[in-house]
Amino acid sequence: MNYQQYYPIDVVNGVGTRCTLFVSGCEHFCAGCHNSSTWDPSKGHPYTEETEEQIIRDLGDTRVVRDGLSLSGGDPLFPNNLDSVLKLVKRVKTTYPDKDIWLWTGYTLEGLSDKQQQVVEFVDTLIDGKYEADKRDLTLAWRGSSNQRLINLTELRDEENYDL
Amino acid sequence: MTDIIKRDGSRQPFDATSIIKAVTRALNDAHVRDDDFARHVAEEVELSVQGKPQVDIYSIQNQVEDLMMRSKYKDAARKYIEFRQTRDIQRESRNTLSRDILSIINQDNDELLNENANKDSKIIPTQRDLLAGVVARHYALQHLLPRHVAEAHKRGEIHYHDLDYAPFFPMFNCMLIDVEGMLTNGFRMGNAEIETPRSITTAAAITAQIIAQVSSHIYGGTSINEIDRIHAPYVRKTFDKHYKQGMRWIEDDEKARDYAMEMTERDCFDAYQALEYEVNTLHTANGQTPFVTFGFGLGTSWEERLIQKSILSNRIQGLGKNHKTPVFPKLVFAIRKGVNFALEDPNYDIKQLALQCASKRMYPDILNYDKLVEITGSFKTPMGCRSFLGVYEEGGQLVHDGRNNLGVVSLNLPRIAIESSDETDFFRRLDQRLEVARDALMNRIQRLDNVRASVAPILYIEGACGVRLKPEDKISKIFKDGRASISLGYIGIHETINALYGNAHIYDNEALRQKGIAIVEYLRTVVERWKQETGYGFSLYSTPSESLCDRFCRLDIKEFGIVPNVTDKNYYTNSFHLDVQKKVTPYDKIDFEMDYPLHASGGFICYGEYPNMAHNLKALENVWDYTYDKVPYYGTNTPNDSCYECGYEGEFHATNRGFECPQCKNRDSSRMSVTRRVCGYLGQPNSRPFIQGKQEEVVRRVKHL
Ligand code: SF4
Ligand SMILES: [Zn+2]
Chain Y
0 MNYQQYYPID
10 VVNGVGTRCT
20 LFVSGCEHFC
30 AGCHNSSTWD
40 PSKGHPYTEE
50 TEEQIIRDLG
60 DTRVVRDGLS
70 LSGGDPLFPN
80 NLDSVLKLVK
90 RVKTTYPDKD
100 IWLWTGYTLE
110 GLSDKQQQVV
120 EFVDTLIDGK
130 YEADKRDLTL
140 AWRGSSNQRL
150 INLTELRDEE
160 NYDL
Chain E
0 MTDIIKRDGS
10 RQPFDATSII
20 KAVTRALNDA
30 HVRDDDFARH
40 VAEEVELSVQ
50 GKPQVDIYSI
60 QNQVEDLMMR
70 SKYKDAARKY
80 IEFRQTRDIQ
90 RESRNTLSRD
100 ILSIINQDND
110 ELLNENANKD
120 SKIIPTQRDL
130 LAGVVARHYA
140 LQHLLPRHVA
150 EAHKRGEIHY
160 HDLDYAPFFP
170 MFNCMLIDVE
180 GMLTNGFRMG
190 NAEIETPRSI
200 TTAAAITAQI
210 IAQVSSHIYG
220 GTSINEIDRI
230 HAPYVRKTFD
240 KHYKQGMRWI
250 EDDEKARDYA
260 MEMTERDCFD
270 AYQALEYEVN
280 TLHTANGQTP
290 FVTFGFGLGT
300 SWEERLIQKS
310 ILSNRIQGLG
320 KNHKTPVFPK
330 LVFAIRKGVN
340 FALEDPNYDI
350 KQLALQCASK
360 RMYPDILNYD
370 KLVEITGSFK
380 TPMGCRSFLG
390 VYEEGGQLVH
400 DGRNNLGVVS
410 LNLPRIAIES
420 SDETDFFRRL
430 DQRLEVARDA
440 LMNRIQRLDN
450 VRASVAPILY
460 IEGACGVRLK
470 PEDKISKIFK
480 DGRASISLGY
490 IGIHETINAL
500 YGNAHIYDNE
510 ALRQKGIAIV
520 EYLRTVVERW
530 KQETGYGFSL
540 YSTPSESLCD
550 RFCRLDIKEF
560 GIVPNVTDKN
570 YYTNSFHLDV
580 QKKVTPYDKI
590 DFEMDYPLHA
600 SGGFICYGEY
610 PNMAHNLKAL
620 ENVWDYTYDK
630 VPYYGTNTPN
640 DSCYECGYEG
650 EFHATNRGFE
660 CPQCKNRDSS
670 RMSVTRRVCG
680 YLGQPNSRPF
690 IQGKQEEVVR
700 RVKHL
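Quick mapping for you: the protein sequence lines, in order, are chains Y and E. Residue numbers are given in numbering that gives the first Met the number 0: position 108 of the first sequence equals residue 107, and the series is strictly consecutive. Residue numbers are given in numbering that gives the first Met the number 0: position 685 of the second sequence equals residue 684, and the series is strictly consecutive.
Think of the hints as simulated: they come from the structure by calculation, not from any bench. Model, not experiment: these values are computed from the prediction. Hints are not guaranteed to be accurate.
Which residues of chain E face chain Y? A partial, calculated answer using Cβ under 10 Å [to be verified]:
1) ASP14
2) ALA618
3) GLY649
4) PRO661
Here a beta-carbon is modelled for each residue, glycine too, at the ideal position from N, C-alpha and C.
So that you can see chain Y by itself, here it is in the shape it has in the complex:
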């Protein structure tokens, strides 16, 4: 996997003070996409063991306490990214069970593949759906267009009738 940008301290992608990783690779090609430079999975910097180490280290920082990790892109659920992302979210949840994970994807929750589902199991908040320029709405929190959903998976998991 490659990544475009890593912000060790971020407040604009999810609630609280976070670490945010923008990965490379996306197959949705939304018209009007803000991050079209991230479509090509071979662009950006290689995501290595070291990148992962740094993220784990930053999340554990005691000076500037982080509330969790945000994954955006590109698409963290782009097939090519799933191995690295799965490994990362697993590790984050084992190391810091109290920190939450937010993930932005162009797929919709209902249409996820099994492998994508595996990642999403570790995610607390999912923002799903493609960006649709004609539904652009800058007033929505954490979303770019009104078709996108902000899904609190942790809450959903607590509801019995939800069968993941």
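Dock chain E with the ligands against the given chain Y, drawing on the hints supplied.
Structure of chain E with the ligands alone, referenced to chain Y:
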């Protein structure tokens, strides 16, 4: 025949007798008589101009000067030169005076008209005030300031702040109004006897009146320290009144209480809405909306809590039908462990409301109780935007309300650094300039020496200054022994370090960081010495450089040209602040700035530049919490502009031509509300343009997140 070209460009035939007259006059002044000599000088000059069609007046005068200097009448020569200089200065200044006045008529001098983001120079009362200011400044520079102080000010070595008011008028800068004393003991205003209010509604209305009066008599900010504590008794009275009424009709104690509480909550909310509205519609005699600050947050009684909530929810709601962000009063919310810092504290809910308010309206800024006490010796709200009083006791009791600041004179530190060959030279020159600044500050103090209380009854007779003097009493005694502060300010630590030590950025270099702190620490030791020597409350103040950032830099460019990393940005950085272009996290910025307030304890504030945080109060709280044991006073710049065209709320783009809505690209300044920090206060640059250097700075600001 030779023509003389005069200063104004007009011509006159050469006339030897005027030279004879001038020389004779100089001789007389030096107590010599020698008519032959005067005639001899005139003849020499006449000879030299012969055959030339025109000569300008300066070369004639220089020639006279030379001839006299070479003669035996050195004294007379000196008199002649002196006379000439005085005449030049007078002529020069008559020109600036009329130029300044003309620019008010023509509305074409931005420096003069936009100097204060809080004044609308288009309207008549403001123009009258500007005119008075032009004359007052002019007269002060000419006649009231010591010559060397006036010259240093004009050259931009120091800045004698607020010359348009003081020393011409015997006014002081900013204060904490003793509203408590005025409300408890009553006072006279105009023809009315004001008694102790019997409800929060009246208390708030009278407070607005007091603010209006006081602001017309001082030129800086008026603050109310702990307004929740001061107004609490009147909330109680309102409750009692409603409760009594409730019992008359309901006869059920519990229901009557519920009724009374509901009515009280409504009254209290309305009272602060009216007060906020008043403050924003007020126009003082100074032609501006008063710089008002409300400090609150520490009270835990239900009355105080209700006041805190009312102030915050009013602000969140915004002003008028567009729910515009009010610029005044500035809100300063105190945070204290055990009161409102953590989840288990009794007022934690109000901290959450304060966070919501800050994310939407930029204010409140926060005061961290423990750090403030550590640095300034006791808890108090800043006077104006950032001026802090030191400790002062009367009869073993700490006193804050009724005290004031006498004014500021700021040093142009980058200028000294540009002039200096090295660090030693810098401190040597700094010492010299500090002496001038001290003379300037003493001039401020002396101006108030023989002034009597009748000059401002509201301040000195009716209790705003916490005293009830008689009209004929002298006011100077209430400024002594550290009761009032008088401040040395400074600008541009960032540029100073660049000019002195060259290429590395102060942020990236630990040694340079220490150098920056050392300069401020040194200034503090100097003002402490002045305090010991004079008994006046000298303090070191981190000047907010609203117009000064522009002025000093402009004058330095004129003098030294573009000096890379010093004058090349067209503005200087505020006091000790980190260069606005440096991209760092707010946490790192706090760490960078945290050592300065301790030394500059007479005035300070730290800020961070944030994106819109309306959806992320948690992150905002993280930063507030981080500041708690690091900086005493912190503001979060979280732009929340609104577009009247498309309804967008969030941050507009700052461009050199103005602001733009990111959603619909609207650029019509009358169809948007844009709020930015100007100095310690907020401003609305879409309706009143910032001065050039400031707009430049706003455009260059980088987000810290
Ligand atoms: S899913 Fe996101 S990154 Fe991919 S094209 Fe759409 S907007 Fe761009
Ligand atoms: Zn718009």
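Status of each hint after checking the structure:
no.: 1; hint: ASP14; in the structure: violated, 77 Å
no.: 2; hint: ALA618; in the structure: holds, 4 Å
no.: 3; hint: GLY649; in the structure: holds, 6 Å
no.: 4; hint: PRO661; in the structure: holds, 7 Å
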